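Colleague: With chain A's structure known, arrange chains B and C on it following the hints.
Protein chains in written order, with this note's numbering: chain A, 3 to 515; chain B, 513 to 859; chain C, 2 to 302.
Hints may be right or wrong, so weigh each one.
[Claimed, not checked] Below, a list of computed lysine-lysine pairs in the DSS-like style, where the Cα atoms sit at most 27 Å apart:
{"id": "1", "chain 1": "A", "residue 1": "K274", "chain 2": "A", "residue 2": "K143"}
{"id": "2", "chain 1": "A", "residue 1": "K107", "chain 2": "C", "residue 2": "K189"}
{"id": "3", "chain 1": "C", "residue 1": "K295", "chain 2": "A", "residue 2": "K274"}
{"id": "4", "chain 1": "A", "residue 1": "K487", "chain 2": "C", "residue 2": "K87"}
{"id": "5", "chain 1": "A", "residue 1": "K350", "chain 2": "C", "residue 2": "K242"}
{"id": "6", "chain 1": "A", "residue 1": "K92", "chain 2": "C", "residue 2": "K222"}
{"id": "7", "chain 1": "C", "residue 1": "K222", "chain 2": "B", "residue 2": "K846"}
{"id": "8", "chain 1": "A", "residue 1": "K350", "chain 2": "B", "residue 2": "K735"}
{"id": "9", "chain 1": "C", "residue 1": "K294", "chain 2": "A", "residue 2": "K143"}
{"id": "10", "chain 1": "B", "residue 1": "K846", "chain 2": "A", "residue 2": "K92"}
{"id": "11", "chain 1": "A", "residue 1": "K350", "chain 2": "B", "residue 2": "K846"}
{"id": "12", "chain 1": "A", "residue 1": "K92", "chain 2": "A", "residue 2": "K107"}
{"id": "13", "chain 1": "C", "residue 1": "K295", "chain 2": "A", "residue 2": "K70"}
{"id": "14", "chain 1": "A", "residue 1": "K338", "chain 2": "B", "residue 2": "K735"}
{"id": "15", "chain 1": "A", "residue 1": "K92", "chain 2": "C", "residue 2": "K189"}
{"id": "16", "chain 1": "A", "residue 1": "K122", "chain 2": "C", "residue 2": "K189"}
{"id": "17", "chain 1": "C", "residue 1": "K189", "chain 2": "A", "residue 2": "K70"}
{"id": "18", "chain 1": "C", "residue 1": "K222", "chain 2": "B", "residue 2": "K825"}
{"id": "19", "chain 1": "A", "residue 1": "K387", "chain 2": "A", "residue 2": "K452"}
{"id": "20", "chain 1": "A", "residue 1": "K226", "chain 2": "A", "residue 2": "K67"}
Hints were generated in silico from the structure; no laboratory data involved.
What you are looking at is a predicted structure, and each value in this text was computed from that prediction instead of being measured.
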Amino acid sequence: MSNIVEMRDINKTFPNNIRALKNANLMLKQGEIHSFVGENAAGKTTLMNVLYGIVHPDSGEIYIKGKKENITHPEDAIKSGIGMVHQHFKLVPEFTVLENIILGKEQNYIKSGWRVDYTKAEAAVQDICKRIRVDLTLNEKTEMLSIGIQQKIEIVKALFKGAEILILDEPTTVLAPNEISNFLSFLKDLREQGCTIIYISHRLKEIFDISDRITVMRHGETIKTLKTNETTMEEISSLMIGKEFKKTIPPLPKSLKSSECEVLKVIDLTVKDESTRLEQVSLSIRRGEILGIAGVEGNGQVELADAIIGLQENIEGEIYFNEQLINHHNTYQRRKLGIHYVPDDRMKKGLALDTGMNENAIMGYHRESFLRKKKFFIDWESSKKFTKDIFENYRVEGMNAPEDYVQNLSGGNMQKLIIGREMITNPPFLILAQPTVGLDFGAQAYIHQKIRELSEKGISFLVISEDLDELMNLSERILVLYRGKIAGEFLAENGYDEKEIGYYMTGVRGNEE
Amino acid sequence: MKNKITLQKFIPSGWFLTVLLIFAGWSLIILFGRENPFSVFFYIIQGFMGDTYSLFSTFNKLFVYVLAALAASIPAWTGMWNVGGEGQLVLGGFMAACFATSVNTGVPILNILLVFMVAALFGGLWALWPAWFRVRWGVNEVVTTLMGNYLINLFTLYMVNFPLRAKGSTWPRMAYIPENFELKSIGNTELSYTFLISVVIVVLMEIIRRNSITGYELQLTGKNSVFSKQGGIRVDRVKIWSMFIGGAFAGLAGGLLVLSLNKTFIAGFSPGYGNIGLLISLIGGNMPWAILGIALSFSALQVGSLNMQLYTKIPPEITGVLQSIMVFFIAARKSLKFRKKTGGAEE
Amino acid sequence: MNNIILSLYRSTINMAMPILLVALGGTITHHAGIINVAMEGLMLAAAFSAVVFSYISGSALVGVMAAIVSAIIFSIFYSFFVTTLKTNNFAIGFALNIFISSFTLYLSRIMFPGENAFNSPKIAAIPRLSVDFGVKIINDLFSNFSILVYFAMFLVFVVTYIVYKTPFGLWLRAAGSQPDALNKAGKKVTVIQYTASVLTGVLCGLAGAQLSLSNVVLFSKDMSGGRGFIALAIILIANGKPSTTLLLALFFGLLESLSIQLQSTNIPAQFLFMLPYLMAIVTLIIISINKTKKMGRGIST
Chain A
3 MSNIVEMRDI NKTFPNNIRA LKNANLMLKQ GEIHSFVGEN AAGKTTLMNV
53 LYGIVHPDSG EIYIKGKKEN ITHPEDAIKS GIGMVHQHFK LVPEFTVLEN
103 IILGKEQNYI KSGWRVDYTK AEAAVQDICK RIRVDLTLNE KTEMLSIGIQ
153 QKIEIVKALF KGAEILILDE PTTVLAPNEI SNFLSFLKDL REQGCTIIYI
203 SHRLKEIFDI SDRITVMRHG ETIKTLKTNE TTMEEISSLM IGKEFKKTIP
253 PLPKSLKSSE CEVLKVIDLT VKDESTRLEQ VSLSIRRGEI LGIAGVEGNG
303 QVELADAIIG LQENIEGEIY FNEQLINHHN TYQRRKLGIH YVPDDRMKKG
353 LALDTGMNEN AIMGYHRESF LRKKKFFIDW ESSKKFTKDI FENYRVEGMN
403 APEDYVQNLS GGNMQKLIIG REMITNPPFL ILAQPTVGLD FGAQAYIHQK
453 IRELSEKGIS FLVISEDLDE LMNLSERILV LYRGKIAGEF LAENGYDEKE
503 IGYYMTGVRG NEE
Chain B
513 MKNKITLQKF IPSGWFLTVL LIFAGWSLII LFGRENPFSV FFYIIQGFMG
563 DTYSLFSTFN KLFVYVLAAL AASIPAWTGM WNVGGEGQLV LGGFMAACFA
613 TSVNTGVPIL NILLVFMVAA LFGGLWALWP AWFRVRWGVN EVVTTLMGNY
663 LINLFTLYMV NFPLRAKGST WPRMAYIPEN FELKSIGNTE LSYTFLISVV
713 IVVLMEIIRR NSITGYELQL TGKNSVFSKQ GGIRVDRVKI WSMFIGGAFA
763 GLAGGLLVLS LNKTFIAGFS PGYGNIGLLI SLIGGNMPWA ILGIALSFSA
813 LQVGSLNMQL YTKIPPEITG VLQSIMVFFI AARKSLKFRK KTGGAEE
Chain C
2 MNNIILSLYR STINMAMPIL LVALGGTITH HAGIINVAME GLMLAAAFSA
52 VVFSYISGSA LVGVMAAIVS AIIFSIFYSF FVTTLKTNNF AIGFALNIFI
102 SSFTLYLSRI MFPGENAFNS PKIAAIPRLS VDFGVKIIND LFSNFSILVY
152 FAMFLVFVVT YIVYKTPFGL WLRAAGSQPD ALNKAGKKVT VIQYTASVLT
202 GVLCGLAGAQ LSLSNVVLFS KDMSGGRGFI ALAIILIANG KPSTTLLLAL
252 FFGLLESLSI QLQSTNIPAQ FLFMLPYLMA IVTLIIISIN KTKKMGRGIS
302 T
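So that you can see chain A by itself, here it is in the shape it has in the complex (with noise of 0.2 Å):
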């Protein structure tokens, strides 16, 4: 089999001076299903992007097919039998199926008066359908759809276009565990019937289910390729790291048990716009005790999280903060009450990008007595110690000056700087929501200690996140949140069964509808 896919030396440095490709390659054989693993900012998306014509490369070269091509647009790419799927869809919501995925080809499908032939585009939709076992509605509306066929919807789109070659970004961070090898078997499926595959993602455990060979990046350069029945999850781990893979420690049993004391305590929260988002949650955690929220995006974990900081409105029910009701309290009161909040998107509601690290690293401290200067200013020389002991702590890199805009972090340094800010003060509760995602190994582990550290001094925490490993480690209990509402309840000492919670958070098991 000779390569499809070629990438020689491909270089990239952005504009805020970060080099993203660093001499990279790529050797594509036709009919595999090739994996790209790396930690975040290693390179692996953007290598995906200069083959599709998003990112121009400031030098290397890329030959499809034994030709030499110049891809300067996705228009190029398509046309020589690349297609992509990102991990954050790109769908017209208003849309029908069907339409979004013609899009950009309708003038193949026109009758008279240039009108969309809805028809002879329906047929040679439904023609691809058949061919991969997939099953579409094509004409209802994209923004009424979840996920998973959003997603099938986007393969579906490359297809048509003429794809030989996908490439699919992270496509399962999106997915429940149960649906997850569904997919796997539909992309093995897909390799039968011809196509070749560019799998990138960080979770090694689907890497060796489906791959037949393997690329390490780190830093921007392609490591090493094998294949992947000649190696191992470790090796492949230190490769990524470039230090030995150490498997995280499981949590210490709790010397003193949690106090019985109550610090959050929920009942019947309820909130509702034009679906219910959240139905009668009840829960509560204790003094030093680390809860964990289990579930798929889009349970109602945002909602939330977002009751309990008070940012979400017309809710029904009751949250009490250390036997206080704090139902009517806002924002700033709960803040000053001790209630601390690690957003689950680090971009839109954790930082404000064009702005300094200072300005950032301060807020909701911006009020506060040690950083007062003569009553209406903000000392901003203490802020910059502030800010500093954050960096410190939490090994926050990448700055140069406290002025340095906050979007020159990797995603991985940004998060650390919002972890970091939200702790530092030892608050009493810490709500923390996805909070290790885009962390390599090392970050995560270290923020995982922290974690561990803080609720030996008493501080509680509610841990919401998709990553059922971390909340394996961290929690004393873990609930799952399912359509809203508390599918089942979990305790560490009873030893967590993946599978089992896996079942919970796909409505497999739990409430009846």
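Modeller: Chains B and C in isolation, oriented as in the chain A frame:
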């Protein structure tokens, strides 16, 4: 894509070239009017700094531009679009004149200060309702403030044509304000207090912006309101306040116009100061210092062109043309500089 | 009595057409994701060009062509700054409006020193279409309007067809809703947006021509009178649906003609002229309240 990069190399992004292009554009326009560009430039310059009188005239007109620009900028800090500076300014001036011609405490200082407050208050109120509707119901404040301008214009036009028209006036206006309301000049110079007021306000706003807690909350709300909200900032309140303050500045500008230059409310006294202020705020990046500088050049152009009209046949409308051409080139330069920084990597 | 209603009807249609045309143009760019703040200026530039070229050539058709060309030129200028340079659209829009307002008057004074308006019998007006249907009432209702009026009504259908039935329409709406999707699908968003701008230019050109060569036959200072902004309000309220746009344009036409008709009564003109603007505000508020009640505010923006 490659074509765009080479295009960028040709379009200048240095200040020197920008200024050069501005003058080139101006010259073209002047040639249309069949005059010699250099003589026109000469008369304009002579007009705004030829002698101390001209210089002071320029300074005395500065406040309108500065305050009108701040009227748009302060709300912009929080992400609100105040396009209603014109209406707020006219309303402020109108109320100022009404007050001055009906109430008189006898003490000049008191009179003047009261007028300031009245003008600012009404300007602020006229910006308050669009702000509230935006925050509470998501009503686009661009449309409400914009329509509001037309409402105020028509309303005051009516008032000054019928009920409040000064008897015997050839052009619709109210009665002249009594002498102890007039804003005189500082000492025995020709420099009006308005200049001092505008400089002080600029300095104040810059200090607030950089160092105060309020300044922090205003700006962070604009940069990311969700982030600010979860940090405890009362984002709704901040936004409404910012609009009120913006409107107050515009209203104050109107009041100062009435007290210092016009001595009464005259129909159509504002040739779109509010909109020019919006323009200045946008190209000044909503920064007080930049606003001061740009406002100064607008004021200079305005005053200078009055002189130019005495000596050439160029129609007065050229002022607007010159000002907008300046905006085009400055905006182009700003955008190009920004593009070079982000370098075209989407995502 | 019938005469009054009839003349009200006819003047409503005449007053509504320029707003309708501008709003249709703005609808196209609205779908593409551009908020066209410069429509006021485009309309004014078109009105001026129409008069000047009609005067020079003696032909209304040349005037209309000139109007369209000038509107397209400025529309592309606006698009260049907003789409390519990514300048703030208010900055450029307002600057452009001020430029056109001043420049048209500047040129007008140079060509006609001493006058405040450009008025001359040599300006050729747009001819009216006088079809005789045979029945008087049908004639009164549908005949003897300027050609552009009939054309404008036709354009409502054309725009609806283009936006909702053709591939270009799909690309247009994708460009406004999810530009990334369109780019990745292989169609350049900038090209779509520029095309939309050209179309807006055409429509604003027609609107300006109707203003200065039909409703009245002259050019005067700022004769676009805020219609560009009312059109903006209409577009936001109608959310880009041409049928609703037509209704709203007719509504504003009605208000405008009412205020002119009622001028002969004791109600001061200014209050009547306020009506269109008040209605825009009230309608927008009602719609926003409904929208918010349905969707919830989300986390504030």
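Colleague: Confirm or reject each hint.
Modeller: To see whether the hints hold, each was checked on the structure:
1. A:K274 to A:K143: Distance of about 23 Å is within 27 Å: holds.
2. A:K107 to C:K189: 13 Å, holds
3. C:K295 to A:K274: 12 Å, holds
4. A:K487 to C:K87: 45 Å, violated
5. A:K350 to C:K242: Distance ~32 Å between A:K350 and C:K242 Cα, so the pair is violated.
6. A:K92 to C:K222: 47 Å, violated
7. C:K222 to B:K846: Violated, at about 32 Å.
8. A:K350 to B:K735: Holds. A:K350 to B:K735 sits at ~10 Å (cutoff 27 Å).
9. C:K294 to A:K143: 22 Å, holds
10. B:K846 to A:K92: This hinted pair is violated, its Cα atoms lying about 30 Å apart.
11. A:K350 to B:K846: Measuring from Cα to Cα gives roughly 26 Å; hence the hint holds.
12. A:K92 to A:K107: Within the cut-off at roughly 16 Å; holds.
13. C:K295 to A:K70: The given pair, whose Cα atoms are some 54 Å apart, is violated under the 27 Å limit.
14. A:K338 to B:K735: 23 Å, holds
15. A:K92 to C:K189: 15 Å, holds
16. A:K122 to C:K189: 25 Å, holds
17. C:K189 to A:K70: Roughly 24 Å separates the two Cα atoms, so the pair holds.
18. C:K222 to B:K825: Between C:K222 and B:K825 the Cα gap is close to 19 Å, so the pair holds against 27 Å.
19. A:K387 to A:K452: 21 Å, holds
20. A:K226 to A:K67: Judged against 27 Å, a Cα distance of about 22 Å means the pair holds.
The structure does not agree with the numbered hints 4, 5, 6, 7, 10, 13 stated previously, though it agrees with the rest.
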